[in-house]
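K.L.:
As you go down the protein sequences, you meet chains A and B in turn.
Positions 1 to 110 (this note's numbering) are the ones given, in order, by the first sequence.
Positions 1001 to 1113 (this note's numbering) are the ones given, in order, by the second sequence.
Honestly, the hints are just simulated from the structure, not real lab data.
It is possible that part of the hints are untrue.
[Stated by the list, open to error] List time: in silico DSSO-like cross-link candidates among lysine-lysine, alpha-carbon distance up to 27 Å:
1) B/Lys1014 - A/Lys97
2) A/Lys3 - A/Lys69
3) B/Lys1009 - B/Lys1057
4) A/Lys52 - A/Lys97
5) A/Lys69 - A/Lys52
6) A/Lys3 - B/Lys1057
7) A/Lys52 - B/Lys1009
8) B/Lys1071 - B/Lys1009
9) A/Lys97 - A/Lys69
10) A/Lys97 - B/Lys1009
11) B/Lys1057 - B/Lys1071
12) A/Lys109 - A/Lys52
[Claimed, not checked] Far from chain A by the CB rule (all over 12 Å, computed), these chain B residues:
13) Gln1006
14) Gln1037
15) Ser1080
16) Pro1083
17) Ser1084
Quick reminder that beta carbons are idealized off the backbone N, C-alpha and C, glycines included.
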Amino acid sequence: DAKTTQPPSMDCAEGRAANLPCNHSTISGNEYVYWYRQIHSQGPQYIIHGLKNNETNEMASLIITEDRKSSTLILPHATLRDTAVYYCIVSGVDTGKLIFGQGTTLQVKP
Amino acid sequence: NAGVTQTPKFQVLKTGQSMTLQCAQDMNHNSMYWYRQDPGMGLRLIYYSASEGTTDKGEVPNGYNVSRLNKREFSLRLESAAPSQTSVYFCASSRDRVGNEQFFGPGTRLTVL
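Looking at chain A on its own, in the form it has when it is part of the complex:
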């Protein structure tokens, strides 16, 4: 599975969009990009995933570059409850294996 690179930490003002980048330059053609988050010490929570098209759900949007070497998770209106560690994971769709790196700690500030 391809490795990912994320900034260790980011801040965002409450109510503003949070844009979390992820580099995955060695991604292969059949690998998806997944995003999870972990609030405090709880179990991780699935957010969104995509292959090459941009995706949107009720939680977030995922923008994947055309060459698929990087992506951005967008939380459109961040709240204090979005303060968490966000993990970008690249994995084959049928492997069932998620390799968690150290993620980005997002701090949403009032």
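Go by the hints and put chain B onto chain A.
P.N.:
Okay, now just chain B, sitting in the frame of chain A:
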């Protein structure tokens, strides 16, 4: 619908003791997973079970055994606990391996003295 449940929530063991961590899901999922998370680190996969009756090793299987008791339950056993196994253990499940949307339990915090 409780999702993924884990017992116990907390446990303290002495070196050499054994114990079993229990996990159950009520979502009729086929696949189940065990991860560990050390302080300040991401999760690492210990073992997984793609379907009832099958188990496979993950990244860090040494020192652990698993049992997929039935479709609902997946247990993790430490035969002889070591201080290096002090960690938070998360169980997860997914409908199947396709899609990789995994649902996680609340975790078991294990300390080995």
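K.L.:
Are all beta-carbon distances from B/Gln1006 to chain A longer than 12 Å?
P.N.:
B/Gln1006 is in fact no farther than 12 Å from some Cβ atom of chain A, at 9 Å.
K.L.:
Run the distance test for A/Lys69 versus A/Lys52: straight-line Cα separation, threshold 27 Å.
P.N.:
Roughly 10 Å separates the two Cα atoms, so the pair holds.
K.L.:
Is the hinted pair A/Lys109 and A/Lys52 satisfied, with a Cα-Cα distance of at most 27 Å?
P.N.:
32 Å, violated
K.L.:
Would the hint linking B/Lys1057 and B/Lys1071 be met if the CA-CA limit is 27 Å?
P.N.:
Holds, at roughly 18 Å.
K.L.:
B/Lys1071 and B/Lys1009 were given as a pair; does the straight-line alpha-carbon distance stay at or below 27 Å?
P.N.:
Roughly 22 Å between the alpha carbons, so the hint for B/Lys1071 and B/Lys1009 holds.
K.L.:
Is the straight-line distance between the alpha-carbon of B/Lys1014 and that of A/Lys97 27 Å or less?
P.N.:
Answer violated: B/Lys1014 to A/Lys97 is near 31 Å, above 27 Å.
K.L.:
Measuring Cβ to Cβ, find out whether B/Pro1083 lies farther than 12 Å from everything in chain A.
P.N.:
20 Å, holds
K.L.:
Report holds if the minimum CB distance from B/Ser1084 to chain A is greater than 12 Å, and violated otherwise.
P.N.:
19 Å, holds
K.L.:
Are the Cα atoms of A/Lys52 and A/Lys97 separated by 27 Å or less?
P.N.:
Distance ~20 Å between A/Lys52 and A/Lys97 Cα, so the pair holds.
K.L.:
Hint check: A/Lys3 vs A/Lys69, CA-CA at most 27 Å. Holds or violated?
P.N.:
11 Å, holds
K.L.:
For A/Lys52 and B/Lys1009, compute the direct alpha-carbon distance and say whether it is at most 27 Å.
P.N.:
Violated: A/Lys52 and B/Lys1009 sit about 39 Å apart, past 27 Å.
K.L.:
Does the alpha-carbon distance linking A/Lys97 and A/Lys69 stay inside the 27 Å limit?
P.N.:
20 Å, holds
Comparing the model with each numbered hint stated earlier shows that hints 1, 7, 12, 13, 14 do not hold.
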